[in-house]
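S.K.: Residues per chain are reported as follows:
There are 2 protein chains.
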Amino acid sequence: MLSAYEIIAKKRDGLELSEEEIKWFIQGLLAGKVADYQMSALLMAIYLNGFSSKETASLTDVMLYSGKTLNFNAQHVVDKHSTGGIGDKTSFILAPLAAACGVRVPMIAGRGLGHTGGTVDKVEAIPGFKTSLSLEEFQRTLEKEGLVLIGQTGEIAPADKIIYGLRDVTATIESIPLITASIMSKKLAEGAQGIVMDIKVGNGAFMRNKAQARKLATSIRNTGLRFNRNMMTVISDMNQPLGNAVGNSLEIIESIETLKGKGPKDLTDLSLHLAGGMVHLSGLAKTHSAGIRKAREALKSGKALKVFKEMIKRQGGDEKVIDDYGILPLANNHHVVAASRNGYIKKMEATQIGLHVVQLGGGRQKASDKIDFGVGLTFHKKIGDRVKEGEPILTIHHNENQKELVLKMADDLLERDISFSTTKPQKLPSLIYETQTSWY
Amino acid sequence: MLSAYEIIAKKRDGLELSEEEIKWFIQGLLAGKVADYQMSALLMAIYLNGFSSKETASLTDVMLYSGKTLNFNAQHVVDKHSTGGIGDKTSFILAPLAAACGVRVPMIAGRGLGHTGGTVDKVEAIPGFKTSLSLEEFQRTLEKEGLVLIGQTGEIAPADKIIYGLRDVTATIESIPLITASIMSKKLAEGAQGIVMDIKVGNGAFMRNKAQARKLATSIRNTGLRFNRNMMTVISDMNQPLGNAVGNSLEIIESIETLKGKGPKDLTDLSLHLAGGMVHLSGLAKTHSAGIRKAREALKSGKALKVFKEMIKRQGGDEKVIDDYGILPLANNHHVVAASRNGYIKKMEATQIGLHVVQLGGGRQKASDKIDFGVGLTFHKKIGDRVKEGEPILTIHHNENQKELVLKMADDLLERDISFSTTKPQKLPSLIYETQTSWY
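Chains as they are written, first to last, in the numbering used here: chain A, 1 to 440; chain B, 1 to 440.
Chain A extracted, bound-state conformation:
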């Protein structure tokens, strides 16, 4: 007979748990037969003693089947997930790009968490946009239209919510196998046949160094393969905001600009890279570069922009936003932060930048906070750029009553969060560090 005690003791002693033991434990947790304090002891033992790829797959499996799973009656279904970063709005660009190439893109996205924004929060800046479709509507829309975007639902992998809640307060978040099971249980439930995973690395990301990011990439690919999914992992930089805009409405505008071919280079390139990966994984392009070429054509022809506009309309949003950004909630006040001397931008504290936007009201400090869509930051310079004294580095978009906060923030940004050097920095962060594809 299995017991929670024996299972904890086994992992405590560094032994491998069987699939049966992992299932028994998690199902017991969900049924209230295993206590949360037993789960947290096991989580710490997993954190410290590790979890094999077989154990990770078993945990993913039981979390996956703790809720509903989708099974699309359609081909070429490929999903994308990002581990989260500052100014990461690629979803709004790559989803239409891939869909325009014939990929079916089922997106179930999250809300803002800590210092990073959330795809669902951002898209809700568009007046009328509905992210709360039922799973049945979601499935029907995907099969018929090929592109749909909704928010996380409690019906998908409910075990993850419970376990994540415990990890969040017991210092067991940063564990590769636990991160893998959390991400993959949700993504596998969403029914895609291929998954592109954008793993952010840097001072604005969960993964602070490349070795950790590589381990997570391998763990995620291995888990995907065990569940018969085609997998692509991309390790991309998060040592500065992606693109120039951070903040909900501001990021929607930048996404539309990018779909019009006028976006910042880093955002455009990464979106094409990921969208091209989705086209490739779907089987609609023989190679990744062929996929990227197709995505680029969909960008140039304006087809992707049209696909995005249609999705907005279909989900109740005001599609006039494509041509009139004025219908978005926008901040009335702008404070320009300018360089105090000549030099080069050497480094940015991306997490701090994310927290500034939260502080302006662009994200939540607690779950019940209401988001102010209009506020945020736009950057006029990136790492490696030359700045002259008095030249604008960034603009703070804020509300009338935030002047004091904004002055302090400008000070922090110049003195603490952005570092300068007198000579051009030798080594700039790359955009993409590594891409790996695994076919099951």
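A hint or two may mislead.
No distinction is drawn between identical chains; accordingly, a pair holds when it is met within one copy or between any pair of copies.
[Claimed, not checked] Calculated pairs, DSS-like style, for lysine-lysine (alpha carbon to alpha carbon, straight line, at most 30 Å): (1) K346 to K370; (2) K161 to K262; (3) K366 to K10; (4) K161 to K33; (5) K54 to K382.
Just so you know, the hints here were simulated from the structure itself, not pulled from any lab data.
With chain A fixed as given, assemble chain B onto it according to the hints.
M.R.: Frame of chain A, contents of chain B only:
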């Protein structure tokens, strides 16, 4: 500002916690501000990453001061604690021995736990004996009479009960620092100036090997020294029952027999060794061997037996028990287990032997179980003894309705729990492996 998350993360990463952090965490747990699932994550991190002697002292300190502490207005107060074993009834012998030599012995004892019996359960086999004195009565009696025995009270180190309860279900019991803090927080609260600690090692004990036992001994001595206590640690064998009797009334009888000078050699020797240690620690004997000599005199003269009798009377028990074992609850049925062939006893599974007594009703399977004082086992042979076919090895003391259980038990004992060899075993377990004394 301190946070439970940061403290868990620090220990998770193998760093040393400050006294302030440990106090904040445990006081938060007691106040309901730190959750039990956070405590269990920290316990697992301590189990796996260790706890320095400074950290252990801080934990002991905050647990100690979670409840009442005693401070006797008397000299020569020395306490004794055993980590628990099968048939361990030394308390009933060494306490009167030491008290007869002038040591004041304040005993706060536990009830049965798992496969081991409890001192409080055993003494309650004596009709009328009261173990539930208030702490005030306890203190007054100790100061006036020099010997008193009560059960654990919730007033002493209540934090230990909460933490032990969590450890018990999260596989974090067998951690040297956590065991140290649990034992020492209670023992230090009981106000003794010296503590003799009998650490059992073997297949019937918590500590399964000598290396572990030695680590625990060092940890306990170090912690005692930090709190200005004189400490003696004894590592003694628990690979077979101590003495011949296992079971509540049976152990009381064997204790009285030993105080009459007719006890088994191992039990007599260990009791004298420990009592002599108490006399030495109290300052009433210059050396441990001088202490043992004094204890032996108190045994021979019958003074210790008289002291025991007086304690029984003082605490409401029927002191006629000293001369008439018939007033104890005793089992009516006896089943003799005899050797099935010639040979030597090579090994005993002491834990299994303890569990047999629990199964007969001599211990609790759950906290609400009522104890049957009369049942138990008496051994006629020990490890290394020669046995002839048909010769009795042990007797099962049981009730009328347990015949089926007893037949199965006899079978298990002969076939599984006691091993035989045809030649005399080369190496027999010693009684005492190591004794160390530390003066603060």
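S.K.: Now, for every hint given, state plainly whether the structure supports it.
M.R.: Here's how the hints hold up against the structure:
1. Proximity of K346 and K370 under a CA criterion of 30 Å is satisfied in neither setting, with 35 Å inside one chain copy and 74 Å between copies.
2. Taking the shortest alpha-carbon separations for K161 and K262, neither the intra-copy value of 39 Å nor the inter-copy value of 66 Å comes in at or below 30 Å.
3. In this assembly of identical chains, the alpha carbons of K366 and K10 lie at most 30 Å apart only when taken from different copies (24 Å versus 37 Å within one copy).
4. Taking the shortest Cα distances, K161 and K33 sit within 30 Å of each other both inside one copy (18 Å) and across copies (22 Å).
5. In the homo-oligomer, the alpha carbons of K54 and K382 never lie at most 30 Å apart, since the shortest distance is 42 Å inside one protomer and 48 Å across protomers.
The structure is inconsistent with the numbered hints 1, 2 and 5, although it conforms to all the rest.
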